[in-house]
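**Student:** Sequence:
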Amino acid sequence: MYIKLKFHYKGPKTKGLQLESEWFEDKTISMLVNDMLKTGRIKDIMVMDEMGREWTLKEFNKLMEKLEEEPTNPTIFFDGGYDRQNTESGIGIVIYYDKGRERFRMRYNAKLLELSNNNEAEYAALYNAMELLQQIGVKHSPCVIKGDAQGVLKQLSGEWPCFEETLNQWLDRIEAKIEAMALQPSFQVIPRNENKEADKLASQALQNILIDSHQKIET
1 MYIKLKFHYK GPKTKGLQLE SEWFEDKTIS MLVNDMLKTG RIKDIMVMDE MGREWTLKEF
61 NKLMEKLEEE PTNPTIFFDG GYDRQNTESG IGIVIYYDKG RERFRMRYNA KLLELSNNNE
121 AEYAALYNAM ELLQQIGVKH SPCVIKGDAQ GVLKQLSGEW PCFEETLNQW LDRIEAKIEA
181 MALQPSFQVI PRNENKEADK LASQALQNIL IDSHQKIET
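Under our numbering, think of the first position of the sequence shown as 1, with each following residue one higher.
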(Lines of atoms letter the chains of each structure in order from A; the text may use other names.)
(Lines give C-alpha, C1' and ligand atoms only; values in the text may rest on other atoms or scores of the structure.)
Protein backbone atom coordinates (compact mmCIF):
# COMPACT_ATOMS: atom_id res chain seq x y z
CA MET A 1 0.00 0.00 0.00
CA TYR A 2 1.24 3.48 -0.83
CA ILE A 3 0.68 6.28 1.65
CA LYS A 4 1.54 9.91 2.20
CA LEU A 5 1.88 11.97 5.37
CA LYS A 6 0.15 15.23 6.19
CA PHE A 7 1.73 17.19 9.03
CA HIS A 8 2.17 20.57 10.65
CA TYR A 9 5.71 21.97 10.43
CA LYS A 10 6.92 24.80 12.60
CA GLY A 11 10.41 26.06 11.81
CA PRO A 12 12.57 28.56 13.71
CA LYS A 13 11.44 31.37 11.42
CA THR A 14 7.95 30.24 10.43
CA LYS A 15 4.62 30.40 12.20
CA GLY A 16 3.75 26.97 10.87
CA LEU A 17 3.09 25.26 7.58
CA GLN A 18 0.70 22.44 6.65
CA LEU A 19 2.70 20.09 4.40
CA GLU A 20 2.36 16.76 2.62
CA SER A 21 4.97 14.15 1.78
CA GLU A 22 5.38 12.29 -1.49
CA TRP A 23 3.82 8.82 -1.86
CA PHE A 24 5.87 5.99 -0.38
CA GLU A 25 5.42 2.35 0.66
CA ASP A 26 3.81 1.80 4.03
CA LYS A 27 6.67 -0.47 5.11
CA THR A 28 8.99 2.54 5.47
CA ILE A 29 6.67 4.69 7.59
CA SER A 30 8.25 3.92 10.98
CA MET A 31 11.74 4.99 9.93
CA LEU A 32 10.48 8.14 8.21
CA VAL A 33 8.22 9.26 11.07
CA ASN A 34 10.94 8.65 13.66
CA ASP A 35 13.36 10.83 11.71
CA MET A 36 10.75 13.57 11.36
CA LEU A 37 9.86 13.58 15.06
CA LYS A 38 13.52 13.90 16.05
CA THR A 39 13.54 17.42 14.60
CA GLY A 40 11.00 18.55 17.20
CA ARG A 41 9.29 20.64 14.54
CA ILE A 42 6.65 18.17 13.37
CA LYS A 43 3.25 17.59 14.94
CA ASP A 44 -0.31 16.58 14.06
CA ILE A 45 0.79 13.81 11.69
CA MET A 46 -1.99 12.29 9.58
CA VAL A 47 -1.62 9.28 7.27
CA MET A 48 -3.52 9.07 3.97
CA ASP A 49 -3.60 6.05 1.66
CA GLU A 50 -4.15 5.87 -2.10
CA MET A 51 -7.84 5.14 -1.58
CA GLY A 52 -8.31 8.51 0.13
CA ARG A 53 -8.67 7.19 3.71
CA GLU A 54 -7.05 9.11 6.57
CA TRP A 55 -5.87 8.11 10.05
CA THR A 56 -3.98 9.60 12.95
CA LEU A 57 -0.56 8.04 13.41
CA LYS A 58 -1.85 6.00 16.36
CA GLU A 59 -4.82 4.73 14.35
CA PHE A 60 -2.57 3.83 11.42
CA ASN A 61 -0.17 1.86 13.62
CA LYS A 62 -3.13 -0.18 14.93
CA LEU A 63 -4.31 -0.72 11.35
CA MET A 64 -0.87 -2.00 10.31
CA GLU A 65 -0.91 -4.49 13.19
CA LYS A 66 -4.28 -5.76 11.98
CA LEU A 67 -3.12 -5.94 8.35
CA GLU A 68 -0.28 -8.26 9.39
CA GLU A 69 -2.94 -11.01 9.34
CA GLU A 70 -4.84 -9.92 6.20
CA PRO A 71 -4.01 -10.29 2.50
CA THR A 72 -3.41 -6.96 0.75
CA ASN A 73 -2.06 -5.41 -2.45
CA PRO A 74 -3.03 -8.17 -4.91
CA THR A 75 -1.74 -8.23 -8.47
CA ILE A 76 -3.76 -10.41 -10.86
CA PHE A 77 -2.59 -11.94 -14.14
CA PHE A 78 -5.33 -13.67 -16.14
CA ASP A 79 -5.85 -15.34 -19.49
CA GLY A 80 -8.47 -17.38 -21.30
CA GLY A 81 -8.34 -19.73 -24.26
CA TYR A 82 -11.00 -21.40 -26.41
CA ASP A 83 -10.88 -24.65 -28.38
CA ARG A 84 -13.37 -24.25 -31.24
CA GLN A 85 -13.23 -27.90 -32.25
CA ASN A 86 -14.24 -29.17 -28.81
CA THR A 87 -16.10 -25.98 -27.72
CA GLU A 88 -14.11 -25.99 -24.48
CA SER A 89 -12.46 -23.10 -22.66
CA GLY A 90 -9.42 -22.93 -20.44
CA ILE A 91 -8.72 -20.19 -17.93
CA GLY A 92 -5.44 -19.36 -16.19
CA ILE A 93 -4.99 -17.13 -13.15
CA VAL A 94 -1.92 -16.01 -11.19
CA ILE A 95 -2.32 -13.82 -8.10
CA TYR A 96 0.46 -12.25 -6.05
CA TYR A 97 -0.36 -10.63 -2.72
CA ASP A 98 1.15 -9.51 0.58
CA LYS A 99 0.34 -10.71 4.07
CA GLY A 100 2.27 -8.76 6.64
CA ARG A 101 5.88 -8.83 5.50
CA GLU A 102 5.42 -12.01 3.49
CA ARG A 103 4.60 -12.46 -0.20
CA PHE A 104 2.36 -15.19 -1.61
CA ARG A 105 1.46 -16.56 -5.04
CA MET A 106 -1.66 -18.40 -6.16
CA ARG A 107 -1.78 -20.33 -9.44
CA TYR A 108 -5.08 -21.71 -10.66
CA ASN A 109 -6.61 -23.00 -13.88
CA ALA A 110 -9.84 -24.69 -14.92
CA LYS A 111 -11.65 -26.08 -17.94
CA LEU A 112 -15.06 -24.52 -18.63
CA LEU A 113 -17.66 -26.06 -20.91
CA GLU A 114 -20.42 -23.50 -21.32
CA LEU A 115 -18.65 -20.55 -22.98
CA SER A 116 -18.99 -19.61 -26.62
CA ASN A 117 -15.73 -17.94 -27.68
CA ASN A 118 -12.28 -16.71 -26.63
CA ASN A 119 -13.56 -13.28 -25.54
CA GLU A 120 -15.97 -14.85 -23.09
CA ALA A 121 -13.17 -17.06 -21.75
CA GLU A 122 -11.11 -13.95 -20.94
CA TYR A 123 -13.98 -12.43 -18.94
CA ALA A 124 -14.59 -15.73 -17.17
CA ALA A 125 -10.91 -15.92 -16.21
CA LEU A 126 -10.99 -12.50 -14.57
CA TYR A 127 -14.27 -13.23 -12.81
CA ASN A 128 -12.81 -16.40 -11.35
CA ALA A 129 -9.74 -14.43 -10.25
CA MET A 130 -12.06 -12.11 -8.32
CA GLU A 131 -13.71 -15.10 -6.68
CA LEU A 132 -10.28 -16.33 -5.55
CA LEU A 133 -9.53 -12.91 -4.01
CA GLN A 134 -12.81 -13.03 -2.15
CA GLN A 135 -12.10 -16.53 -0.86
CA ILE A 136 -8.77 -15.53 0.71
CA GLY A 137 -10.33 -12.43 2.29
CA VAL A 138 -8.94 -9.51 0.28
CA LYS A 139 -10.89 -6.30 0.94
CA HIS A 140 -10.41 -2.52 1.08
CA SER A 141 -7.21 -2.74 -0.93
CA PRO A 142 -5.65 -1.44 -4.14
CA CYS A 143 -5.66 -4.17 -6.79
CA VAL A 144 -3.58 -4.29 -9.98
CA ILE A 145 -5.18 -6.29 -12.81
CA LYS A 146 -2.88 -7.25 -15.70
CA GLY A 147 -3.56 -9.15 -18.91
CA ASP A 148 -3.18 -9.09 -22.67
CA ALA A 149 -6.99 -9.03 -23.19
CA GLN A 150 -7.18 -5.39 -24.23
CA GLY A 151 -10.95 -5.43 -24.77
CA VAL A 152 -11.70 -6.71 -21.26
CA LEU A 153 -9.44 -4.21 -19.52
CA LYS A 154 -10.42 -1.21 -21.64
CA GLN A 155 -14.11 -1.96 -21.10
CA LEU A 156 -13.69 -2.39 -17.35
CA SER A 157 -11.83 0.90 -17.11
CA GLY A 158 -14.63 2.62 -19.04
CA GLU A 159 -12.44 3.56 -22.01
CA TRP A 160 -14.27 1.32 -24.48
CA PRO A 161 -17.99 0.50 -24.74
CA CYS A 162 -19.25 -3.07 -24.73
CA PHE A 163 -22.12 -3.88 -27.11
CA GLU A 164 -22.44 -7.65 -26.57
CA GLU A 165 -25.07 -8.60 -24.02
CA THR A 166 -23.24 -11.73 -22.84
CA LEU A 167 -20.02 -9.83 -22.25
CA ASN A 168 -21.90 -7.02 -20.51
CA GLN A 169 -23.22 -9.59 -18.07
CA TRP A 170 -19.67 -10.69 -17.28
CA LEU A 171 -18.65 -7.05 -16.83
CA ASP A 172 -21.48 -6.53 -14.35
CA ARG A 173 -20.47 -9.62 -12.39
CA ILE A 174 -16.82 -8.56 -12.22
CA GLU A 175 -17.71 -5.02 -11.17
CA ALA A 176 -20.03 -6.39 -8.48
CA LYS A 177 -17.13 -8.41 -7.04
CA ILE A 178 -14.86 -5.35 -7.07
CA GLU A 179 -17.51 -3.33 -5.27
CA ALA A 180 -18.25 -6.09 -2.73
CA MET A 181 -14.57 -6.26 -1.74
CA ALA A 182 -14.20 -2.44 -1.84
CA LEU A 183 -11.16 -2.73 -4.11
CA GLN A 184 -9.45 0.13 -5.90
CA PRO A 185 -8.56 -1.49 -9.24
CA SER A 186 -6.02 -0.33 -11.78
CA PHE A 187 -6.03 -2.01 -15.20
CA GLN A 188 -2.85 -2.65 -17.19
CA VAL A 189 -2.75 -4.08 -20.70
CA ILE A 190 0.52 -5.99 -21.06
CA PRO A 191 2.18 -7.81 -23.99
CA ARG A 192 1.49 -11.55 -24.27
CA ASN A 193 5.10 -12.38 -23.39
CA GLU A 194 4.60 -10.70 -20.01
CA ASN A 195 1.50 -12.81 -19.39
CA LYS A 196 3.16 -16.16 -20.08
CA GLU A 197 2.38 -17.72 -16.71
CA ALA A 198 -1.39 -17.20 -16.98
CA ASP A 199 -1.36 -18.11 -20.67
CA LYS A 200 0.41 -21.40 -19.93
CA LEU A 201 -2.13 -22.23 -17.21
CA ALA A 202 -5.02 -21.62 -19.62
CA SER A 203 -3.39 -23.88 -22.23
CA GLN A 204 -2.75 -26.59 -19.64
CA ALA A 205 -6.41 -26.52 -18.61
CA LEU A 206 -7.41 -27.34 -22.19
CA GLN A 207 -5.01 -30.30 -21.99
CA ASN A 208 -6.67 -31.46 -18.75
CA ILE A 209 -3.60 -30.53 -16.71
CA LEU A 210 -5.25 -28.83 -13.74
CA ILE A 211 -3.30 -26.76 -11.23
CA ASP A 212 -4.34 -25.24 -7.92
CA SER A 213 -1.37 -24.04 -5.86
CA HIS A 214 -0.96 -21.48 -3.08
CA GLN A 215 2.44 -20.85 -1.56
CA LYS A 216 4.68 -18.33 0.14
CA ILE A 217 7.39 -16.82 -2.02
CA GLU A 218 10.82 -16.92 -0.43
CA THR A 219 12.60 -13.58 -0.74
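Be careful, since some hints might not be right.
Unchecked claim - So the derived label-pair ranges between C-beta atoms look like this:
1) Phe-163 / Gln-188: 15 to 25 angstroms
2) Ser-157 / Arg-192: 11 to 21 angstroms
3) Glu-65 / Pro-191: 50 to 60 angstroms
As the list claims (entries may be wrong) - In silico DSSO-like pairs for lysine-lysine, Cα to Cα no more than 30 angstroms straight-line:
4) Lys-66 / Lys-6
5) Lys-196 / Lys-146
6) Lys-66 / Lys-43
7) Lys-27 / Lys-111
8) Lys-43 / Lys-15
9) Lys-200 / Lys-6
10) Lys-4 / Lys-62
11) Lys-6 / Lys-43
12) Lys-200 / Lys-177
13) Lys-43 / Lys-27
14) Lys-58 / Lys-111
15) Lys-4 / Lys-196
16) Lys-62 / Lys-10
17) Lys-66 / Lys-111
18) Lys-200 / Lys-154
19) Lys-154 / Lys-62
20) Lys-196 / Lys-66
Just so you know, these hints were derived from the structure itself, not from any lab.
For each residue, glycine too, the CB sits at the ideal point set by N, CA and C.
**Student:** With reference to the structure, classify each hint as holding or not holding.
**Tutor:** Quick rundown of the hints versus the structure:
1. Phe-163 / Gln-188: 15 to 25 angstroms: 24 angstroms, holds
2. Ser-157 / Arg-192: 11 to 21 angstroms: 19 angstroms, holds
3. Glu-65 / Pro-191: 50 to 60 angstroms: 40 angstroms, violated
4. Lys-66 / Lys-6: Roughly 22 angstroms between the alpha carbons, so the hint for Lys-66 and Lys-6 holds.
5. Lys-196 / Lys-146: 12 angstroms, holds
6. Lys-66 / Lys-43: 25 angstroms, holds
7. Lys-27 / Lys-111: 39 angstroms, violated
8. Lys-43 / Lys-15: Measuring from Cα to Cα gives roughly 13 angstroms; hence the hint holds.
9. Lys-200 / Lys-6: At roughly 45 angstroms apart (the allowed maximum being 30 angstroms), Lys-6 and Lys-200 break the hint.
10. Lys-4 / Lys-62: Roughly 17 angstroms between the alpha carbons, so the hint for Lys-4 and Lys-62 holds.
11. Lys-6 / Lys-43: It holds: about 10 angstroms lies between the C-alpha atoms, which stays within 30 angstroms.
12. Lys-200 / Lys-177: 25 angstroms, holds
13. Lys-43 / Lys-27: OK: Lys-43 and Lys-27 at ~21 angstroms, within 30 angstroms.
14. Lys-58 / Lys-111: 48 angstroms, violated
15. Lys-4 / Lys-196: 34 angstroms, violated
16. Lys-62 / Lys-10: Holds - the C-alpha atoms of Lys-10 and Lys-62 are around 27 angstroms apart, at most 30 angstroms.
17. Lys-66 / Lys-111: 37 angstroms, violated
18. Lys-200 / Lys-154: Holds: Lys-200 and Lys-154 sit about 23 angstroms apart, inside 30 angstroms.
19. Lys-154 / Lys-62: 37 angstroms, violated
20. Lys-196 / Lys-66: Violated, at about 35 angstroms.
Hint compliance for this structure: hints 3, 7, 9, 14, 15, 17, 19, 20 are broken, all remaining hints hold.
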